[in-house]
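J.: Read off the chains here:
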Amino acid sequence: MANATFQIWRGEQGTGSFIEYATPVSEGMVVLDAIHDIQAAQANDLAVRWNCKAGKCGSCSAEINGQPRLMCMTRLNELDLAKPVTVEPMRSFPHHRDLVTDVSWNFRVKKKIRKFTPRRPDAPDGTWRMQQEDVDRVQEFRKCIECFLCQDVCHVLRDHHLHEEFIGPRYLVHAAALEMHPLDTLDRREELRKAHGIGYCNITKCCTMVCPEHITITDNAIIPLKERVMDHAFDPIVKLVGLIKGTTPGP
Amino acid sequence: MTTELETRDHDVLVIGAGGAGLRAAIEAAAAGVSVGLVCKSLLGKAHTVMAEGGVAAALANVDDRDSWKVHFTDTLRGGQYLNNWRMAELHAKEAPDRVRELEAWGALFDRTPDGRILQRNFGGHRYPRLAHVGDRTGLEMIRTLQDHGIHQGIDVHMEVTVVSLFTREGRIAGALAYDRERGRFRLFRAKAIVIATGGVGRAFKITSNSWEYSGDGQSVAFHAGAVLQDMEFVQFHPTGMVWPPSVRGILVTEGVRGEGGVLKNSEGRRFMFDDIPDNYKAQTADNPEEGWRYVLGDKNARRPPELLTRDHVARCIMREVRDGRGSPHGGVYLDIAWIKEKMPKAAEHIRKKLPSMYHQFKQLADIDITTTPMEVGPTTHYMMGGIRVDGDTQMSSLPGLFAAGEAAAGLHGANRLGGNSLSDLLVFGRRAGEFAAQFARAHSASTPDAGEVKEATQEALAPFARPTGENPYAVQHDLQSLMQDLVGIVRRQEEMVRAVEGLQKLKARAANVGVTGNREYNPGWHTALDLKHLLTVSEAIVASALARRESRGGHFRDDFPDKSAAFSSFNFVVKRAPDGAMELGKEPIPPMRDELAKIVEEMK
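Heads up: the sequence lines are chains A and B, in that order.
The first sequence: position 65 = 65 (this note's numbering), numbered continuously.
To convert, take the position in the second sequence, counting from 1, and add 1000; that gives this note's numbering.
These are calculated hints, taken from the structure and not from any lab test.
Note that the coordinates shown come from a computational prediction; the quantities given were computed from them, not determined experimentally.
The reader is advised that the hints may include incorrect statements.
[Stated by the list, open to error] To give an idea of the interface, some chain A residues facing chain B are shown, with a C-beta separation under 10 Å as derived from the structure:
id, residue
1, G28
2, S59
3, W128
4, V138
5, H174
Every residue, glycine too, gets a C-beta built ideally from N, C-alpha and C.
Chain A on its own, in the form it takes in the complex (with noise of 0.2 Å):
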């Protein structure tokens, strides 16, 4: 068996620097497998997080080569292993142990958003009826696995440190997700434009590219509710209503 080296970060609460492993390498590995051999052979303590090790529960994130991909699904073939191999934890959140960061930041802001509310059931049993064409396009956004990786690349959360005013591409899926859910009674856009920040988006699609699962997140899910949002923002009608009540929007 032939080795590859990695040089794997290593370091706590920001603090490190990439340290070099050399393990042997076989068919069909992936990087999370060589930082298993590592870690069992040459390094116990090395922290990471992973779990289904099968692309589907999102928590082996992690820069390769300076790109946010899912360790468990970077195959070693599709590198180039004549070269140390980078694994570093994704850079926009705190730095916690070597590859592990504090995500915790996601959770707190979906917890933001106001949760799914359906209308009254349709049918006399209690349950709805829901054409396949109409939930297809929130399926592909259900999708998700919350690996986080469109939140690591995105710039106004990567560059700008926007986190208090932006939720990022991960909760405008959610978001979307939720607009669009053929049952869904509320309405989100106010809160969207406000306090979640949706107008700091300017499409780069960063966070398209990254996404694992595909989901197009610029196209589908977050250009669809920049549009909605604008429309109800700058709707004649809804600023004659607001200005009455004394509620309008502003630009």
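Based on the hints, put chain B in the right spot on chain A.
T.: Leaving out everything else, chain B in the frame of chain A:
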């Protein structure tokens, strides 16, 4: 080293945040008690996300002949009648409401043409019964419960692992845990505790389970004095990936067969037609043409033999491999691509119905399942056994300690039907939450004995005092190999006796493992602590498997290949003897209520 404790008080503490734990927490919170929910990982990452095929419930949306009675009898037949029949009854009756409730909380299942929840075929289910979302039903379910649960005032403790339980005056009093991030201890005082920690797959080398499934719940319950049951019944799912080596064991959903996938050996033969058990002959197709009509929804057709129960399909695959008719990497072929002979736009259909499988094979094995057969073989998947509970309340033999989902025993008997796990989580998660809340209201708070807590924290920290001790990963790997080789799908007396001896040696090694580094997010330490649980459940599995001198469901004995009536009327149980040793016993299965016995008779 500091053993300082943070103390948290909850009326009900739920340990485990997969489907069962979340559902239990939601129900307990709805009852108005204070609820803590402990997750070993981040919220929403539990193994429920891996469930693919669907959730079984007799909604009768696709075939109106379905009813709770058919589901009930299917579950018992699949479990070879060792099931807790009361649980099988409640499960079949309540599953439809639990599925509809998910829809009310935002889940979006695939639809029938008239707009209702679509249901698909699955092994051992007489009619199409599995509500599903492509092949990512588990993700839909856990996300729905998570998104609903976070608004119910539940205190969520993420990345916290429980190491032991405490009792006071004969009932549960609390739990000791550590948080992964800082490695600090947390003492939970609770009036009632629900164990929903899932399975034990990590005791085996080839498994579909993640690192979390080390039998923590079963083990801490056992050490606290609760009774375990049916521990010999481990489900080896017939279709796991076998190649490349690094993905060996990852699950390939039974939904592939539900959508028309067939199993073939190296000679191209559909070998499942060669061995159809007598009790399934009447409902199984005897030719490929009839099998395909069943897949298309012909109500007069019987189901293809690929959809026989998992225990049987796994053994048939083992037989083909053993007799030299396997695939190059020691499995058999699972072919869904063949349906292009039968339908237009087959590739598109496959990608729509089985998107995760398409993605998984493409990315991990360079195989396009719309054109090429998959190589598959059995993988350790599910624990039918677990904590013995009351069928109605889910309370264990230890007052105040409840269990639900995979960690509990009873519903599935000797073999679980696919799809019955997700419904199990919902039905019994809800019941456990309801009755735990009731118990908490009826009892005053209690406090674990300070001496016992101190002892438990010191035990947990002991590996740090042995920096030159053995590598915990080495012990874990040897344990997994031992269980795989000696207590796997095919079991023999002399091999299991060797396993018993081997486990004793591993116990001695586990007592001597060392940990390097500090307490903050240190997987070496976590692995060292998991060893105790892995060893406890492994010991229970071997003891029960040795005693069951017959073959039934997930338990196959090469030296006793037939089912024996002598083993049909009781469950094996294990409990802790006063000296701490494991004691094996039998619990008779109570006679079924007359009206249920009549239903079983009618459906035969």
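J.: Take the hints in turn and mark each one as holding or not.
T.: Hints versus structure:
1. G28: Given a least distance of 2 Å, the restraint on G28 of chain A holds.
2. S59: holds, 5 Å
3. W128: holds, 7 Å
4. V138: Holds, because the Cβ-Cβ distance from V138 of chain A to chain B comes to roughly 6 Å (cut-off 10 Å).
5. H174: For H174 of chain A, the interface hint holds, since the closest Cβ of chain B sits about 8 Å away, which is under 10 Å.
The structure agrees with every numbered hint stated previously.
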